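So the protein lines, in turn, are chains P and D. In the numbering used here, each residue's number is its place in the first sequence (first place is 1) plus 20. In the numbering used here, each residue's number is its place in the second sequence (first place is 1) plus 20.
Among the hints, erroneous ones may be present.
It does not matter which identical chain is used: a pair holds within one copy or between any two.
Claimed, not checked - When the alpha-carbon atoms are kept at most 20 Å apart in a straight line, the in silico DMTMM-like pairs for lysine to aspartate or glutamate are as follows: (1) K428 x E343; (2) K428 x E365; (3) K325 x D126.
By construction, these hints were calculated from the structure, which means they are not laboratory data. Note that this is a predicted model, so its numbers are computed, not measured.
Protein chains: 2
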Amino acid sequence: MKALTATEAVAAIEAGTLTAEAHVRQCLDRIAEREPVVKAWAHLDPELALAQAKAADAASAGVLRGIPLGVKDIIDTHDMPTGHNSPIFAGTQSFGDAACIALSRDANAVIMGKTVTTEFANRHPGPTTNPHNAAHTPGGSSSGSAAAVADGHVPLAFGTQTGGSVIRPAAYCGVVGYKPSFGEFSRVGIKMQCHSLDTLGLMARTLDDIALLRAVVLALPPVPVRRDGATPRIGFCRTPIWDDAEADTRELLERTASSLAATGATVVDVSFAPPFHGILEDHAAIMGFESTRNYADERLRNPDKVSAELMDGLTRGLDVPLERYVAAQRKAAAFKAHVDSLFDELDVLLCPSAPGEAPKGIEFTGDPRFNSIWTLAGTPCVTLPAGTGDMGLPLGVQLVGCRYEDDKLLSTAAWVAARL
Amino acid sequence: MKALTATEAVAAIEAGTLTAEAHVRQCLDRIAEREPVVKAWAHLDPELALAQAKAADAASAGVLRGIPLGVKDIIDTHDMPTGHNSPIFAGTQSFGDAACIALSRDANAVIMGKTVTTEFANRHPGPTTNPHNAAHTPGGSSSGSAAAVADGHVPLAFGTQTGGSVIRPAAYCGVVGYKPSFGEFSRVGIKMQCHSLDTLGLMARTLDDIALLRAVVLALPPVPVRRDGATPRIGFCRTPIWDDAEADTRELLERTASSLAATGATVVDVSFAPPFHGILEDHAAIMGFESTRNYADERLRNPDKVSAELMDGLTRGLDVPLERYVAAQRKAAAFKAHVDSLFDELDVLLCPSAPGEAPKGIEFTGDPRFNSIWTLAGTPCVTLPAGTGDMGLPLGVQLVGCRYEDDKLLSTAAWVAARL
Chain P
21 MKALTATEAV
31 AAIEAGTLTA
41 EAHVRQCLDR
51 IAEREPVVKA
61 WAHLDPELAL
71 AQAKAADAAS
81 AGVLRGIPLG
91 VKDIIDTHDM
101 PTGHNSPIFA
111 GTQSFGDAAC
121 IALSRDANAV
131 IMGKTVTTEF
141 ANRHPGPTTN
151 PHNAAHTPGG
161 SSSGSAAAVA
171 DGHVPLAFGT
181 QTGGSVIRPA
191 AYCGVVGYKP
201 SFGEFSRVGI
211 KMQCHSLDTL
221 GLMARTLDDI
231 ALLRAVVLAL
241 PPVPVRRDGA
251 TPRIGFCRTP
261 IWDDAEADTR
271 ELLERTASSL
281 AATGATVVDV
291 SFAPPFHGIL
301 EDHAAIMGFE
311 STRNYADERL
321 RNPDKVSAEL
331 MDGLTRGLDV
341 PLERYVAAQR
351 KAAAFKAHVD
361 SLFDELDVLL
371 CPSAPGEAPK
381 GIEFTGDPRF
391 NSIWTLAGTP
401 CVTLPAGTGD
411 MGLPLGVQLV
421 GCRYEDDKLL
431 STAAWVAARL
Chain D
21 MKALTATEAV
31 AAIEAGTLTA
41 EAHVRQCLDR
51 IAEREPVVKA
61 WAHLDPELAL
71 AQAKAADAAS
81 AGVLRGIPLG
91 VKDIIDTHDM
101 PTGHNSPIFA
111 GTQSFGDAAC
121 IALSRDANAV
131 IMGKTVTTEF
141 ANRHPGPTTN
151 PHNAAHTPGG
161 SSSGSAAAVA
171 DGHVPLAFGT
181 QTGGSVIRPA
191 AYCGVVGYKP
201 SFGEFSRVGI
211 KMQCHSLDTL
221 GLMARTLDDI
231 ALLRAVVLAL
241 PPVPVRRDGA
251 TPRIGFCRTP
261 IWDDAEADTR
271 ELLERTASSL
281 AATGATVVDV
291 SFAPPFHGIL
301 EDHAAIMGFE
311 STRNYADERL
321 RNPDKVSAEL
331 MDGLTRGLDV
341 PLERYVAAQR
351 KAAAFKAHVD
361 SLFDELDVLL
371 CPSAPGEAPK
381 GIEFTGDPRF
391 NSIWTLAGTP
401 CVTLPAGTGD
411 MGLPLGVQLV
421 GCRYEDDKLL
431 STAAWVAARL
């Protein structure tokens with residue numbers, strides 16, 4: 021049986037043809053079948069999930085009506101452990117819920133369990149495999165969320181992005197990933213890596229589901245994805261690292277740009293102004309300076325329980341001078357204004373979601389740089405599944421919207437998705 | 021005996037004429053004497069403080085050499101409860117240390133205890149009184165930190181500012197308060213109210229102590245406060261709410277501007293451009309929108325344990341439309357650029373630290389608006405003690421520096437302080 025989207029399940033529950041309990045049981049069955057291979061879950065308590073589903077059925081209300089939701093394991097839940105994929109936090113349980121969890125519960129979501137993250141949403145990987153081919157990474161750091169949504173364990177999941185931790189794994193696993201405009205979603209109860217970059221993001225199998233969960237996290241009424249909008253003006257932005265994309269990805273993007281133009285969209289080439297060609301170095305400086313201080317407690321009180329990979333990054337972060345950090349912050353502010361200005365004449369930017377398909381092996385979760393650019397810009401981003409690459413694994417195309425115009429981005433993405 | 025500053029105590033400890041243990045005992049004696057009236061401490065464990073002091077004496081190292089530090093009770097400590105002045109959190113203890121605590125311990129500070137905060141660093145007050153007159157508020161929300169530093173309980177303390185929660189209580193209590201440039205200090209482990217505004221700040225009795233603790237929190241070598249700088253160019257910024265300041269404060273500022281000009285400083289009047297005259301409304305929109313979502317867990321799971329005062333504010337926050345929030349964020353970005361531009365020709369801005377002396381009674385912690393402006397601007401700010409007002413309570417003058425030029429602000433403030 022095909023897994024239902026959240027929107028489909030909500031409609032069926034509201035129509036009385038499905039109960040939240042039955043739907044959650046279907047999802048739990050799918051997990052039981054697939055988890056030995058996919059390994060998407062850091063914590064799963066079927067009884068607790070079913071109890072929530074029964075309560076949602078009894079309440080017979082809420083935007084999410086008992087729909088199950090996967091939660092990246094750096095996001096606090098008062099009734100489940102939050103492990104951060106770190107021996108430091110193994111088995112610890114937070115006192116409260118993260119704000120996004122509290123708001124989801126208020127909409128009668130079922131908090132299904134905690135999905136595998138890389139260590140502290142950084143690089144050191146967890147055990148999750150790509151559901152399309154277990155010999156490949158699902159991407160990271162929101163590895164389990166992407167794999168669980170792709171594999172039909174849950175229709176919705178939370179991830180977070182500091183570099184490319186939502187859009188990249190979503191693209192690798194062939195689902196829709198969404199990073200909102202910086203600042204709109206609360207980060208309370210989410211382990212902080214870089215306060216200037218960290219963004220809560222969403223994963224689902226459709227744009228309509230993304231819009232639904234966005235409304236829940238904003239504590240606002242859902243804004244339906246419009247499909248009657250004007251033909252969009254699209255900027256094809258190869259970014260300064262275009263040459264680092266693999267051939268199949270470059271071809272996908274060129275083909276997509278051409279075919280969208282053929283369907284009537286305005287498509288123009290867009291480049292960053294020269295001062296911003298090295299913007300990824302500024303992202304790295306900010307991430308290094310902030311993360312080594314933000315992880316001070318782990319680094320100083322439990323150095324033996326931090327992976328060599330992370331400790332190396334934190335140590336390098338200490339080498340970023342304050343002056344370099346400040347210069348990067350000033351450059352980032354100018355970059356945000358520059359990217360904003362690109363939207364004076366455009367509705368959306370088109371660029372790769374990742375350099376290519378999910379790399380082989382699960383040790384390396386892939387290159388985040390096609391996403392880090394936009395995390396720094398603070399723009400809303402969506403990745404849409406767009407076929408497969410040379411190895412038969414999913415490829416995505418990334419659409420970037422103007423800051424604070426997230427609803428418009430989702431509607432423009434729907435226009436594009438209908439023509440992919 | 022006059023209480024030592026941190027700089028004095030470090031020097032004496034390094035010279036071998038004082039031990040950290042003896043110094044901490046002096047501070048504990050002072051607390052024992054005064055706490056029944058001042059009520060600055062939410063949690064104090066003298067044995068734990070002395071154990072830390074002995075360890076610091078044994079280590080004989082670190083920038084802070086066993087100097088005791090007061091910690092606002094919304095900042096996590098792994099070995100003491102963090103109560104947030106809320107029945108929701110009474111007696112709860114965090115798993116880890118806040119980053120600023122971990123970095124302070126790394127410098128061999130003694131974490132003396134937790135200082136009284138208003139409920140969640142919002143408005144609902146704690147029991148702390150003004151050490152200069154117990155019938156008056158010490159200000160808030162960092163009430164206990166300001167009172168403890170002013171009254172000689174500790175030479176250093178952490179506070180936080182979302183509106184005016186560091187600069188105002190510091191001014192009311194007659195100490196030096198400092199809010200750094202937004203983004204430089206880690207906020208990990210500090211209860212989040214508004215991610216666009218919350219700033220960790222410092223309180224001490226001298227600028228040298230501020231510079232010392234700033235270095236510790238940045239994990240960088242101390243930058244001494246320079247006293248050999250050029251005569252500063254000062255902008256006298258009355259702000260759009262000048263008429264709301266009390267007469268003695270307006271007179272203090274006018275007199276200060278005149279006397280600094282008389283000592284050779286360039287002093288010019290500075291005003292915000294007209295689009296920013298209502299900037300406080302944008303601060304309020306951002307604070308309302310963010311705080312009601314950031315406190316979702318408290319508001320939704322424990323509504324009966326949230327004060328009526330806070331719940332009222334959070335409910336009003338839900339009325340701020342997303343569009344209003346976005347407009348406020350765009351205005352804030354333009355305001356930051358505008359304030360930055362004021363420093364093309366100036367070194368520092370001079371303005372009130374608060375509308376006047378500490379109000380009578382402890383129910384109302386005072387008006388934060390002279391600070392909220394600069395919290396939104398992201399600029400570094402210092403308040404310096406500057407005599408007393410009509411009721412005999414401390415008044416302060418606030419100096420505002422260019423974003424990311426905190427060291428320069430502290431040195432300019434020293435120039436000003438020498439002439440007050």
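Hints, one by one, checked against the model:
no. : hint        : verdict
1   : K428 x E343 : between (37 Å within a copy, 13 Å between copies)
2   : K428 x E365 : within (14 Å within a copy, 41 Å between copies)
3   : K325 x D126 : between (36 Å within a copy, 18 Å between copies)
In this structure, every one of the numbered hints holds.
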